[in-house]
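Given chain S's structure and the hints, the job is docking chain Y onto it.
In order, the protein sequences belong to chains S and Y. The working numbering numbers the first residue of the first sequence as 1 and each following residue consecutively. The working numbering numbers the first residue of the second sequence as 1 and each following residue consecutively.
A portion of the hints provided could be inaccurate.
One copy or any two copies: either way a pair holds, since identical chains are not told apart in the list.
Derived pair list, reagent style SDA-like, types lysine to any residue, alpha-carbon separation capped at 25 Å [claimed, not checked]:
no.	residue 1	residue 2
1	LYS320	TRP113
2	LYS97	LEU287
3	LYS260	HIS58
4	LYS37	LEU818
5	LYS260	ARG977
6	LYS564	GLN587
7	LYS597	TYR961
8	LYS444	LEU818
9	LYS504	ASP530
10	LYS444	ALA269
11	LYS316	ASP305
12	LYS597	THR323
13	LYS927	THR937
14	LYS260	GLY826
15	LYS616	LEU725
16	LYS320	MET121
17	LYS979	PHE360
To be clear, the hints were calculated from the coordinates, so they are not data collected in a lab.
2 protein chains.
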Amino acid sequence: MFCGFTTDPKMYRWECLLLVLPFVIGRGSAQDTCGYKKCAALPVKPGYVNVHLVPHTHDDVGWLKTVDQYYYGANNSIQTAGVQYILDSVIPQLEMKPSRTFIYVEMAFFYRWWQEQDGDMRDRVRKLVSNGQLEFINGGWCMNDEASTHYNAIIDQMTVGLQFLNSTFGECGRPLVAWHIDPFGHSREQASLFAQMGFDGFFFGRLDYQDKANRLKYRNMEEIWRASPDDLGAAADLFTGALYNHYVPPGGLCFDIGCKDQPIEDDMALHDYNVANRVGIAVNTSLDQVQHFQTDHIMWTMGSDFQYQAAHTWFKNMDKLITHTNSMADKHKVNLLYSSPSCYIYHKNKASATPPGVKFAHNNTADFFPYADQPHAFWSGYFTSRPAFKGYVRRCNNLLQVCKQLEVIGAPKFSDKVPLPTSKRFREAMGVAQHHDAVSGTEKQHVANDYAMRLHAGAVECQVITSMTLQQRMVKAGALPPVAEFCNYLNISVCPLTEDEFTKSFTVTVYNPLARRRTGYYVRLPVTGDAYAVNDPEGNNVVTQVTKVSQRTQEIRGKRGKAKHELLFPVSAPALGFSTYFVSQSQNSSRSGKQPKAGDDQEIHNEHLSLLFDGKTGLLKSVVNLETNLTLKVNQGFYWYNSSAGNNKASNKKSGAYVFRPNSTEAMPILPQQSVITSVVDGQLCQEVQQSFSPWVSQVVRLYSGQRHAELEWTVGPIPIKDDLGKEIISRFDTDIMSDSTFYTDANGRELLARVVDRRLTWKLNQTEPVAGNYYPVNSRILIKDKSKQLTVLTDRSQGGSSLRNGSLELMVHRRMLYDDGYGVGEPLNETGVFGEGLVVRGKHYLLLDTPESSGQLHRALGEQLYMAPSVLLGLAGGNDPKQYRKEFRTNYTAMKRELPSSVHLLTLEMSEDETVLMRLENQLQKAEGGAPQNVTLTGLFEPFEVEINTVEELTLGANYPSTMVQRLAWNTEGGRTKSEALRCWDSGSATVSLQPMQICTLHFKVQQRD
Amino acid sequence: MFCGFTTDPKMYRWECLLLVLPFVIGRGSAQDTCGYKKCAALPVKPGYVNVHLVPHTHDDVGWLKTVDQYYYGANNSIQTAGVQYILDSVIPQLEMKPSRTFIYVEMAFFYRWWQEQDGDMRDRVRKLVSNGQLEFINGGWCMNDEASTHYNAIIDQMTVGLQFLNSTFGECGRPLVAWHIDPFGHSREQASLFAQMGFDGFFFGRLDYQDKANRLKYRNMEEIWRASPDDLGAAADLFTGALYNHYVPPGGLCFDIGCKDQPIEDDMALHDYNVANRVGIAVNTSLDQVQHFQTDHIMWTMGSDFQYQAAHTWFKNMDKLITHTNSMADKHKVNLLYSSPSCYIYHKNKASATPPGVKFAHNNTADFFPYADQPHAFWSGYFTSRPAFKGYVRRCNNLLQVCKQLEVIGAPKFSDKVPLPTSKRFREAMGVAQHHDAVSGTEKQHVANDYAMRLHAGAVECQVITSMTLQQRMVKAGALPPVAEFCNYLNISVCPLTEDEFTKSFTVTVYNPLARRRTGYYVRLPVTGDAYAVNDPEGNNVVTQVTKVSQRTQEIRGKRGKAKHELLFPVSAPALGFSTYFVSQSQNSSRSGKQPKAGDDQEIHNEHLSLLFDGKTGLLKSVVNLETNLTLKVNQGFYWYNSSAGNNKASNKKSGAYVFRPNSTEAMPILPQQSVITSVVDGQLCQEVQQSFSPWVSQVVRLYSGQRHAELEWTVGPIPIKDDLGKEIISRFDTDIMSDSTFYTDANGRELLARVVDRRLTWKLNQTEPVAGNYYPVNSRILIKDKSKQLTVLTDRSQGGSSLRNGSLELMVHRRMLYDDGYGVGEPLNETGVFGEGLVVRGKHYLLLDTPESSGQLHRALGEQLYMAPSVLLGLAGGNDPKQYRKEFRTNYTAMKRELPSSVHLLTLEMSEDETVLMRLENQLQKAEGGAPQNVTLTGLFEPFEVEINTVEELTLGANYPSTMVQRLAWNTEGGRTKSEALRCWDSGSATVSLQPMQICTLHFKVQQRD
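One chain only, chain S, in its complex shape (with noise of 0.2 Å):
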């Protein structure tokens, strides 16, 4: 040890304060030898290749089966898969010999097993994590996805399941290093996220495969990644390695029940005994990887998907190649040794730090999107893949939100009567949906299905927490108004309740998620009455707008619903509190809508924007902003590529779940024989384009009163196949801005990166495929600029999106092929719907047109308005008049006591087991938007409660460990050395939380209720 020896005391501080104060990683016991004290002891030898074996399995959340079928090993005529059984039988394998180790990572598995054990299994599981054989690693409920999940998910998921290790194992079940070895690509936010979490690195298996060959080339394998070079800077690096081998072992070497590799015959009596041959294996695998890379320590990922159901093949085998190899170790320099990723990155930063010294490159600020792994096969394609789940997703989010946040302002007493369901159930159905084999689009069918079902069984439970909490904070002396409920097929103007021909009058309640008075938003409701008085919480009247149900509204719904009109009518909501409107039906028909006139150029416009149509095509031509007389040339349609069917010279790849693979770089237009527009609405609160590019897609463009954006809802499905072809369907924006081969994609709905055209930033790119090649994820915004003006287009899902030529912007909405491509679903992704014809998808685009000066705090405000959108919830009105309701009940109610800044977003307020509140604020503007630092006191913040000041704990981002105790490893780099220490937020003495651009602020405390 060189602690006290070395001239630079900042050198090897860790692993000084290991030796002197080892409390400083570890909050669990004196006799526990986990984390890096294990790794210390470890067996590796200087002067040899030491080869770190990670006995792991990498265990889907759900792909080919269910998740529960997955957790039992149940339809195992798909996969012989049972996660149970791996648990099962890796313990006693464990305990059999204490140089064995294993990480485990879903914990959405590993807490369901731990559910079904007796206390005595439970404390034979505690001592493992104790003296570190057993480790855990990544420690998310899931292993997500990065290209389809937003960052509020992802905090989400991997909260649950931190917060589950911390509870159940202390420090021992901290993992030390992130794990994403199998999702098809890697966001530089997601990196940020795992620096700000505290991890001290991060191991992926997928990457483009030149980028691969030229890393493996270039020994950069391993690397710091600078994941927020502009915003968070030093504070999200993070030390990121590609596996050698993706995630499975050495060829050859796989001792798995399922694998065909020869086991370890070293019987000497028999015929064929082996051990020279297996030995040679990993000896020359050894000496040939560590090649590639920059220390003498490397990793071998001993395990893949569901392996160790039977653990002792694994383990058995395991043993007898250590010991073989290593009883030879003085000819050939290799050692190999149970270990761990934790372990390996130990190893390979006191090792890079020894001198000569290794500096690790610190240039990247890139990501890895979008994934080929061989030509002709870019994994695109599931950045659409399963639209309406994507979007569902996307949508339980908001609603989690919304319960999480009324589980800690609903009133305790209340919920103490009436025992309410916990948003448990849901946390862990998003905890799931989350998997990369998920929101992703890449599972079966089934098991599509299974997720939207955990899904819908989680949200009905928080929306009955919601309708109770807001029900029960109505109240204003003793009785309990009628009970709001939600209606969940707005999309297609369905809702029971308004629509019955009985229901002359209704309340409508709107709770807004955000930490700031939401306004403006409108509320759209089947209806079937030609005309409707609304009352605002106060009694005043409000504006409304009655308008025809469309005509393709009216197809999808079909009998599901009868209402002939949608009530339409602005509403607002203080800051995480709610306003409940009044409606009833009147006689005053208002309602609006005319037919264009053929030849005709169609216009609507509001205060902000104006739009033009061509009066031919009947195509969205140009867009002014009123206020800075911008205006965007423009041509927006719709277009499909046709889905390689794996036909063609090039290669025999096809189109599928994941890869997207057009046929020809052309995209085919929809567009009819005349003007597509059918309907034009004239209303005094909305105008709207209606236009039908064909009997599946259609499209209402429209603006509302007092909105600085369009709304662009697109329609597309179900996609024919009859003609044999695959298709994939995109929105086209061609425009005149010159936006020279370059466009901007968000990651994961934080930060903004830049792409270029055919070019990746770290290596030169070969281009094989010009339109999938392209492509990236579009989580919610993507946008190309020019030096005056910027057009923003905003998604209501994660989405596929690029700009293939100057000034063009897609969007791919839907996709539907007849081939699967080959990379396990074994099914083409040809979602049919529920009437077996093709599902029919609906979602939304939002267009800003400004200067990008002016963008970024645009885009940044309506992103997060629509992913924190009100909720909705519908009662009758149990025979009360407004007045009398108002009366009886309050209308109108804020938990909060100040809203936040408007560039400062409520991330997260939730229950933690512990009964602490958990709270997240972001700071949700980058420095290039005009973001600046904020500063939020917490005092006398809230109503229900007061914070307790003294009770607040700054955290790490998995609010699993305090920011104070983050002392993340050190690496050299060519820039410097990183930085161990969180970067902070929490001021104890002025109870203020100050929030650099982009960061978060992790907090949890206790709380005093005020009632």
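Same frame as chain S, but now just chain Y:
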């Protein structure tokens, strides 16, 4: 318990013994709770259907993979099967829960695993054996085939396994039940042998589908098999059960890691909760199955091929199945319990004796051949499959007996100095070779090669033992004689030593393993010279004959040999002893051989027989017994069946390794245009007719001076398949015997069974395959007879045989097919041989013609001589002339002071591990063949040692249990109660063994060396 309360004091005797004299059934310690003690403690419930769950694995000792590959789990691309993992994983599972049980069967695997375990694991296993959780069933080295095995080899392989168990685990390791769940048909002799081994019962899985349907209907799946109705009687009675569900678990309840059935998902929070469904299957299956059985006890075989590699998947789910089913047992009256075949039998025995009582059927004196699992799928092809290997196995048995004898009679002082190899490896290789996918010929080609290699490796060691032991016994004073060695390719006239042109003289040492002098054995050796002088051990001249090496032999041996001639001379050798002959080249030519005259009938004869061949066809047309003047009109020729390719209307079943299915009921003759005779040899010692039927079918018919039988040496192959037709070749004798649709075949070389065309003894047959459905295994002999004469044909290996028409008798000698028959082998049985063209097989048929009365003793004596033929060793004389050699070395030796009576066969003489000598004597004549009781006194019987009479202990046939202690379960049958005690043979007072017809007496004893 009923002990003491029943009116019949003999009832429940064994059970009472259990209570008062626990040592009677156990030599283990008093704490042991194994065997029936364990059974008595099982939670059976009167009034319930008691379902005995038997966790088991069926581990083929080679089939698709070699036995090494199966043990280690190598070559898993063929089959995921590794026996080491089964035992590794079962042991901890048993330890986890005392109610869990497991049975293990194949000692070839268990022994190997045991050798790899450390003391700790051995103690753990011993504990599980002692407490009855781990029970050995059957306990042979393998689960032997029953159709193509010889009883000598069966007894040997059982002994290797059972003695290992006895010496390792004592009484608790003694299997109580025999278990042939997979062999493809069941011989009566096998049941008889099992009964003599002291087994309480026998279970098997495969029986004719029609037979099974009947037995299910009439509830006689279980009965008392009278396996030696005419000779051993009650001593060979055996409780025998055909398993309900082959040997696999009930449909839907397979919980192996490789199974696709649903696990028990008992987390009520899950959507997939399926306890009711799983329990429903268990209950319904139980209630259905019990309808077909005689008591409330039924058995489920919970396992299958190579299952339990991940034992936890089985036990976890069985635990749940038992718990959940039994928790509702009050409703459905089904009680599941972990059990074993022996416990099932125990409770069945107990329950059947309880009033009103069950009398098991006792009428089965038939066997279970041939086996058909469906119409048109008779598994009678494997009776012949791989004829070369079948022949090699028989020859190896011969060598092994010689080798074991010499280990006993060899001089211990000598072998102390020169450490000899032992017969251990050969015993084990022979044990493996008896497996039901080994000698059966139903393994993959690479596995067949492996079996042969193993036998060869063992044989080499035994040839060294034989050579060195004999060499030592040749020593008179001090000098060792020249080493004598085996020539292993005499069947194709290849012997480097004798055919070398520089070898002018050599010794021929003949060791006779029979317990009486062998005379008139002919040695036939390839030589270069024209004439040879041979001196017998006393120096007398011996008549010799030199004949040309036949054309066909020259073709077959190719470049492997160069001898022009074969030297023939008769030898004799004393009981368990050797004689050395001295051969030297001389000048007198003694060649014989002549070209037959076309058109003339050809006659050859000796003192006993005259054979007449048709002048036109060249076929054998009559046989005359010159002593009795019996004349057999006969037409003997070769024919072929065209193997079905599964392309006909009746069925798509194909001929393959298992199944014999000819395309037509008529076999096609293999006959040239002119006479088949190519040469006639008219020698002084041997007259022979050489026949060529086609380029690939030839035969030599020989009459040796002094022999009562004619020898027909057939050479068949390479079977041509260029016409894409599979072919199965038979030798057929069409005679004038009025055989009345009846023929007789032996069972495993012991008792004869009558076979009636298109008829089964125990059920009315619906014949679907008139040829294959009438084929039976012929292990050593087949015969047809009428009142005056009997044609008996003995074989040198196991073959399929039949008599499809009156007076006809056929034996299938070789087969080659183009298709797999679909039972797993996955290869057509297409033996290509060393040179790739197809395998040539040469073998012999031995023809006896005599009266039915006289034939029995004749064919028994001949049969014994054939499978216990002398070993012939060749040595360079080392410059000695015969006189000099006789002066220096012993040329005669016998280890016996008295010969055994002609009907008493010395079946076994071998050293046991505990240094005692194991000996078996057999009365080899059936009563019907003139068998009568025989006595043998052991005092002064052997030359090199004296039996210590006071140490003689009589054992069961498997040599693992004292006969005195045998108390088999007794059963009520329609014919009375079965016998518990073993048939005894040893009288210590007179030191005499007495043997009833067909009785085998197994003894072990210490010996006092005379030197």
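Hints versus structure:
no., hint, in the structure
1, LYS320 x TRP113, "between (30 Å within a copy, 16 Å between copies)"
2, LYS97 x LEU287, "neither (28 Å within a copy, 46 Å between copies)"
3, LYS260 x HIS58, "both (18 Å within a copy, 21 Å between copies)"
4, LYS37 x LEU818, "neither (54 Å within a copy, 64 Å between copies)"
5, LYS260 x ARG977, "neither (45 Å within a copy, 54 Å between copies)"
6, LYS564 x GLN587, "within (16 Å within a copy, 124 Å between copies)"
7, LYS597 x TYR961, "neither (65 Å within a copy, 107 Å between copies)"
8, LYS444 x LEU818, "within (14 Å within a copy, 41 Å between copies)"
9, LYS504 x ASP530, "within (12 Å within a copy, 126 Å between copies)"
10, LYS444 x ALA269, "between (49 Å within a copy, 23 Å between copies)"
11, LYS316 x ASP305, "both (19 Å within a copy, 22 Å between copies)"
12, LYS597 x THR323, "neither (85 Å within a copy, 76 Å between copies)"
13, LYS927 x THR937, "within (22 Å within a copy, 110 Å between copies)"
14, LYS260 x GLY826, "both (22 Å within a copy, 18 Å between copies)"
15, LYS616 x LEU725, "neither (29 Å within a copy, 75 Å between copies)"
16, LYS320 x MET121, "between (28 Å within a copy, 17 Å between copies)"
17, LYS979 x PHE360, "within (14 Å within a copy, 85 Å between copies)"
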